[in-house]
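**Q** Build out the structure end to end from the sequences listed, making use of the hints.
Chains F and W, in that order, give the protein sequences. Numbering follows our numbering, in which position 30 of the first sequence is assigned residue number 24; successive positions increment by one, without gaps. Numbering follows our numbering, in which position 44 of the second sequence is assigned residue number 83; successive positions increment by one, without gaps.
Hints are not guaranteed to be accurate.
What the hints assert, rightly or not - Short, incomplete list of chain F residues facing chain W, as computed with Cβ under 10 angstroms:
| id | residue |
| --- | --- |
| 1 | 41 |
| 2 | 42 |
| 3 | 67 |
| 4 | 69 |
| 5 | 144 |
| 6 | 148 |
| 7 | 152 |
| 8 | 161 |
| 9 | 162 |
| 10 | 167 |
Just so you know, the hints here were simulated from the structure itself, not pulled from any lab data. Quick caveat, the model's predicted, so the values are computed rather than measured. Note that CB positions come from ideal geometry on N, CA and C, so glycine has one too.
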Amino acid sequence: MTRTTLNIGYVPLVDSAPLVIAQELGFAAKEGLTLNLLKQPSWSTLRDLLALGTLDAAHMLSPLPIAMSLGLSSLRVRVHTLMVLSMNGNVIGVSNHVACAMRAAGWDGQFGTPHDTGRALLAVTDHPKVGVPFPHSMHAELVAHWLGALDNASARTRTVPPPLMAKAVEAGEVDAFCVGEPWGSVVVENKVGELILPGAAIWNASPEKVLGAREAWIDAHPNEVRALIRAVWRAGEWLAAPDNLSLASEVLARTDFLDLPEQVIDLALRSHLCPKPGALPERVPHFLRFHGDQVTHPFPSHADWIATKLARHHGLDPVESSRLAQETYRAKLYLSAVAGLRKPEEVDSQGLLEYDTLTPMGPDETLDQNPF
Amino acid sequence: MADTPSILVIEENSLRAAEIRDGLSLGGWSSVTILENLECLSQELSKTDPDIILIDLATPNRDALENLSNASGAAHRPVAMFVDQTDAELTRLAMQAGLSAYVVDGLEQSRILPVLETAIERFRFTSQLRSERDAAKRALEERKTIDRAKGLLMRAKGVSEEEAYQRIRKTAMNPGRKVIDVAQALVTAADMLA
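**A** Quick look at the structure:
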């Protein structure tokens, strides 16, 4: 059987796992696909190559396809979200200098207490400089949401590519940062800062990376698109089995993919983090998930949340932006692709889900206790 | 001064940066500033006040430039070149050559294109040089490993150099591996047993 080759862009991060595993463990082959995985040095380059058609689909920061569709990020191209690739996975940290000041201000150093930690951070710097990987990212939105929920404070975000985050912290260019693993742990390992809060403490079910593709390409390749969704869904299911994670870390660690030490990847995949140098790894609930509880479902309510925030930052009409963004979430296409894969009980309990429901995933809350 | 647009080149490799500067000055653009890292980009932008920014696509630092193009109300706002969708083909060529261009404060298209064409040519040329140099370096490293593996086999099995090489090659052929992979495995194993 001849397979169809798809060019898939990704940025070498732990949460690219579903795409890498889909190809390397044969889930793509089972669907008649070969994924030509193309590693990208930056989100801007990935975005441009997707816009130009060099890439068919890509691992993307969840706000990026919406920003592109709204014309906020370079070339205006309608990029649609086929599914969510990963839920959560970010971590917030501060420089050693800021951590000391926070302790002096009475912070108890607990990891996972958004209110106390946020107040301590704002007590030492009322307008913190926060490094994030990209302007249109869940990282930037989580930080804004967190500080906004506390005394309506705000941060000055600065874009720092994740591999350079530890350097930026050390040089004092940023007071704090929000980044995906393994780059938060690298800051701790380099002893230049510590982790103060998992992203999941701000929103416990945030769509982190999504699978994006151009609308025109999706329309022209309906079968390949469904096959791709199924292959990635199966990879996520495989990644949800703890027994598979050693092999997953080994595959991801290879030079062609993340080119990072296996242990770092393994900890993140197992939702463990070491917040301080020398501390034992602690388990962070829901730190990073690829499967289950409809984690991969592209909920239009996510699009609404993201678009409303983007519209506010850029002075666009929030209602119109949200409407446009929700159209880019291909929930029906996703459901038709995975229909035969989900277990009966999953379909029974949630198969009749409204596409625009606002409380999709059980315990899904943001820290201000407004159920999302 | 108004006739020659000022160009800022962000390139970590100073040899490559010099090569690009030379190419641009041959083309008649003398106002070229090189920046080797983006740490002080905002200061550099207000100091040199460039019309065009050229940046190597291979650097993750490109995302930091996006931050500035996103900042609403910033005085010097670099915008990715092809935002107005004028020339997708040129953009594609630039990206293939490993280059992205940002334009500050709406310089006319007619003045950007020749700069970009020259830069594309230089980028392509230096990329080629770089990949040739990398390939040569890798080949040399591989040869060293293969020589060590041959030496190990010659000592352990008392065979000639030619025979040792044939054995490595044969082992590699069966499961479809590369000679270098087998040699590397042998060297690693020998190091562990030493």
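**Q** So, for every hint listed, does it hold in this structure?
**A** These are the hints, each one checked on the structure:
1. 41: holds (9 angstroms)
2. 42: holds (6 angstroms)
3. 67: With a closest approach of 8 angstroms, the residue 67(F) hint holds.
4. 69: Constraint on residue 69(F) satisfied, holds at 6 angstroms.
5. 144: violated (24 angstroms)
6. 148: Interface hint status for residue 148(F): violated (14 angstroms vs cutoff 10 angstroms).
7. 152: holds (6 angstroms)
8. 161: holds (9 angstroms)
9. 162: holds (8 angstroms)
10. 167: Holds: closest Cβ of chain W sits about 7 angstroms from residue 167(F), inside 10 angstroms.
Of the numbered hints stated above, those contradicted by the structure are hints 5, 6, listed in ascending order.
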